[in-house]
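Turn these sequences into a full structure, and let the hints steer you where they fit.
Listed in order, the protein sequences are those of chains D and W.
Sequential numbering of the first sequence, starting at 156, is according to the numbering used here.
Sequential numbering of the second sequence, starting at 10, is according to the numbering used here.
Keep in mind that a hint or two might mislead.
A few chain W residues that don't get close to chain D, going by computed Cβ distances all over 12 Å [stated by the list, open to error]:
{"#": "1", "residue": "Leu48"}
{"#": "2", "residue": "Leu95"}
{"#": "3", "residue": "Ala106"}
{"#": "4", "residue": "Gly111"}
{"#": "5", "residue": "Asp122"}
{"#": "6", "residue": "Gly141"}
{"#": "7", "residue": "Lys158"}
{"#": "8", "residue": "Lys159"}
{"#": "9", "residue": "Met162"}
{"#": "10", "residue": "Arg167"}
{"#": "11", "residue": "Pro198"}
{"#": "12", "residue": "Lys245"}
{"#": "13", "residue": "Glu254"}
{"#": "14", "residue": "Gly263"}
{"#": "15", "residue": "Tyr275"}
Label-pair ranges, simulated between beta-carbon atoms [to be verified]:
{"#": "16", "chain 1": "W", "residue 1": "Arg37", "chain 2": "D", "residue 2": "Val289", "range": "52 to 62 Å"}
{"#": "17", "chain 1": "D", "residue 1": "Gln272", "chain 2": "W", "residue 2": "Pro227", "range": "26 to 36 Å"}
{"#": "18", "chain 1": "D", "residue 1": "Ile297", "chain 2": "W", "residue 2": "Arg197", "range": "24 to 34 Å"}
{"#": "19", "chain 1": "D", "residue 1": "Val354", "chain 2": "W", "residue 2": "Gly99", "range": "33 to 43 Å"}
{"#": "20", "chain 1": "D", "residue 1": "Gln304", "chain 2": "W", "residue 2": "Leu68", "range": "35 to 45 Å"}
{"#": "21", "chain 1": "D", "residue 1": "Ala218", "chain 2": "W", "residue 2": "Pro73", "range": "45 to 55 Å"}
{"#": "22", "chain 1": "D", "residue 1": "Val289", "chain 2": "W", "residue 2": "Arg273", "range": "40 to 50 Å"}
{"#": "23", "chain 1": "D", "residue 1": "Leu355", "chain 2": "W", "residue 2": "Gly104", "range": "53 to 63 Å"}
{"#": "24", "chain 1": "W", "residue 1": "Val58", "chain 2": "D", "residue 2": "Leu355", "range": "19 to 29 Å"}
{"#": "25", "chain 1": "W", "residue 1": "Gly34", "chain 2": "D", "residue 2": "Ala218", "range": "42 to 52 Å"}
{"#": "26", "chain 1": "D", "residue 1": "Glu259", "chain 2": "W", "residue 2": "Arg197", "range": "25 to 35 Å"}
{"#": "27", "chain 1": "W", "residue 1": "Pro73", "chain 2": "D", "residue 2": "Asp254", "range": "42 to 52 Å"}
{"#": "28", "chain 1": "D", "residue 1": "Gly229", "chain 2": "W", "residue 2": "Arg37", "range": "34 to 44 Å"}
{"#": "29", "chain 1": "D", "residue 1": "Phe331", "chain 2": "W", "residue 2": "Leu62", "range": "43 to 53 Å"}
Simulated from the structure, these hints should not be mistaken for laboratory data.
Backbone N, C-alpha and C fix where the C-beta goes; we use that ideal spot for every residue, glycine too.
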Amino acid sequence: MAGKQPASSARGWRLIYRHPLTIRLAHWVNVACLLVLLMSGLQIFNAHPALYWGHVSTFADPAFAITSEDTAEGRVRGLVQVGGRRLDTTGILGVSNLDGQSVERAFPAWATLPAGQDLATGRRWHFLFAWAFVLNGLVYLIYGIGSGQLRRRLVPDGDQIRDFGGSVREHLMLRFPEGEEARRYNVIQKLTYLIVVAVLLPIMVLAGLAMSPGIDAMVPWLADAFGGRQSARSIHFIVANLLVLFTLVHVVLVLVSGVANNLRGMLTGWFAIRDDRHPGETVR
Amino acid sequence: MTRGLDRRRLLLSGAGLATAAALGGCDRLAGTAFGRRTLQLGEDANLFVQRLLLTPASLAREFPASAISPDFRPNGTIAPQDTDYLSLAGQAFSGFALTLDGLVEAPQRLSLDALRAMPSRTQITRHDCVEGWSSIGQWTGVPLADLLKKARMRPEARYVVFHCFDTMEFAGGGLEGGDAAGEAPQGRPIRYYESIDLVDAFHPQTILAYAMNGQALPVAHGAPLRLRVERQLGYKQAKYIRRVEVVDGLGHLGEGKGGYWEDRGYEWYAGI
Chain D
156 MAGKQPASSA
166 RGWRLIYRHP
176 LTIRLAHWVN
186 VACLLVLLMS
196 GLQIFNAHPA
206 LYWGHVSTFA
216 DPAFAITSED
226 TAEGRVRGLV
236 QVGGRRLDTT
246 GILGVSNLDG
256 QSVERAFPAW
266 ATLPAGQDLA
276 TGRRWHFLFA
286 WAFVLNGLVY
296 LIYGIGSGQL
306 RRRLVPDGDQ
316 IRDFGGSVRE
326 HLMLRFPEGE
336 EARRYNVIQK
346 LTYLIVVAVL
356 LPIMVLAGLA
366 MSPGIDAMVP
376 WLADAFGGRQ
386 SARSIHFIVA
396 NLLVLFTLVH
406 VVLVLVSGVA
416 NNLRGMLTGW
426 FAIRDDRHPG
436 ETVR
Chain W
10 MTRGLDRRRL
20 LLSGAGLATA
30 AALGGCDRLA
40 GTAFGRRTLQ
50 LGEDANLFVQ
60 RLLLTPASLA
70 REFPASAISP
80 DFRPNGTIAP
90 QDTDYLSLAG
100 QAFSGFALTL
110 DGLVEAPQRL
120 SLDALRAMPS
130 RTQITRHDCV
140 EGWSSIGQWT
150 GVPLADLLKK
160 ARMRPEARYV
170 VFHCFDTMEF
180 AGGGLEGGDA
190 AGEAPQGRPI
200 RYYESIDLVD
210 AFHPQTILAY
220 AMNGQALPVA
230 HGAPLRLRVE
240 RQLGYKQAKY
250 IRRVEVVDGL
260 GHLGEGKGGY
270 WEDRGYEWYA
280 GI
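Written out as structure tokens, the structure reads:
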């Protein structure tokens with residue numbers, strides 16, 4: 156349907172070809188990979204739900220831990236411990252339901268892959284999809300850099316940087332660019348995607364590799380660059396949380412800025428913008 | 010078992026598995042033969058790439074004495090209850106002799122004193138548990154390569170297997186602990202075992218350690234002898250070793266996957 160009629164429509168909207176096939180495919184493969192990596196990652200975390208800084212674990216004094224303890228009333232409550240602070244998280248973290256029974260586990264069954272406690276299978280899911288994620292990411296990066304798409308899409312233009320404050324104000328009021336301006340991502344979008352693609356996702360891969368004793372024998376500076384293997388593990392966990400946060404914000408903004416249009420854009424490539432060209436202007 | 014990395018197969022299988030994930034059928038899929046085979050591809054790729062990039066001489070990081078963990082966590086079996094083990098432990102392992110046999114020209118039986126008289130290697134390394142934690146300890150022991158050279162391996166040798174004292178469970182019975190436990194055990198005892206290939210067996214940091222942090226190896230950490238294979242995870246570092254066997258394949262041992270935890274779903278190659 157859309158592919159046949161790219162130029163203009165009667166009601167002042169026209170469709171532009173926004174997302175090339177490679178980027179659309181890479182996006183959806185990435186969605187699947189990150190979902191499996193997150194859930195199997197939480198399964199792996201559950202095997203030792205505590206984080207430390209440095210090369211080794213200081214078992215008596217973790218920087219972060221999800222635990223449980225017996226209460227005076229004979230119940231069990233779940234706790235999140237950050238430094239010296241403790242927060243009751245019964246029902247979600249530390250103690251949750253599995254098949255109708257209250258169990259002591261860091262992340263609940265609905266958030267982990269597999270659902271039940273099974274480190275061996277969790278690791279297998281994690282490593283298989285880590286490979287799929289890395290290969291998909293390489294395809295995206297090679298295509299994106301080679302075609303110039305990455306620079307065009309994600310690097311802010313000069314006028315966008317000059318109007319950064321204005322873009323922030325518009326964003327906070329949930330007002331999004333329309334017409335010709337909607338051809339490109341706005342400056343906050345560009346910077347956010349750039350940080351995710353060029354900083355957070357590579358850090359995830361590198362911090363993951365820094366936990367491998369084999370890789371550490373090959374490139375000992377990698378774990379050191381993170382401050383030690385346990386620091387790399389903590390950073391892997393923190394950045395995973397940042398990616399979850401990014402995904403939540405991303406999905407909310409997709410919903411409020413025209414969910415059908417956004418989804419059609421990322422599924423078929425065609426994205427509708429308001430036709431605000433001046434008479435006589437040619438289509439770029 | 011093929012260890013080849015086929016990118017298209019990996020991607021296609023990944024996409025197929027991801028779809029199943031979206032449908033919430035992951036756990037069911039992982040239970041099928043196809044699912045298990047597909048999930049295995051990640052380990053195959055890890056072994057392929059790490060063996061490609063890691064030279065046999067790449068050493069695990071060694072740390073200064075100041076980095077040694079005061080709280081090195083003992084894990085897995087920490088007090089074997091097997092009667093043969095307890096009687097040896099009762100006499101400070103003076104009656105212990107390591108058996109080295111299998112595909113070798115000159116099988117060996119070596120007492121702890123004989124092992125201590127051999128050239129030793131001392132290394133301060135980081136121990137990484139599959140669960141995620143790490144501790145640093147100092148290990149002293151005999152390089153496995155020296156023992157294998159002494160026994161003269163036959164050309165068909167491919168793997169080195171470590172048979173341990175500690176009984177993990179009883180086949181069919183499922184009872185934890187050894188044959189000295191209160192309840193009469195049922196079935197055949199399943200003792201811990203592990204295996205490595207010759208690349209790791211001849212690695213200079215691969216030792217049979219009899220000392221930890223300058224002291225005789227404590228029982229909780231695997232007395233009288235434990236393996237250190239420093240470029241892999243903790244469960245490969247077999248404790249309570251009684252016999253080293255050189256073999257040409259792993260199929261005839263346990264469930265055929267090359268180790269107690271491998272038989273229960275963990276990767277044979279634990280370099281990641």
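Exercise. Looking back at the hints listed earlier, which ones does the structure fail to meet?
Worked result: 1, 6, 12, 15, 16, 18, 19, 21, 22, 25
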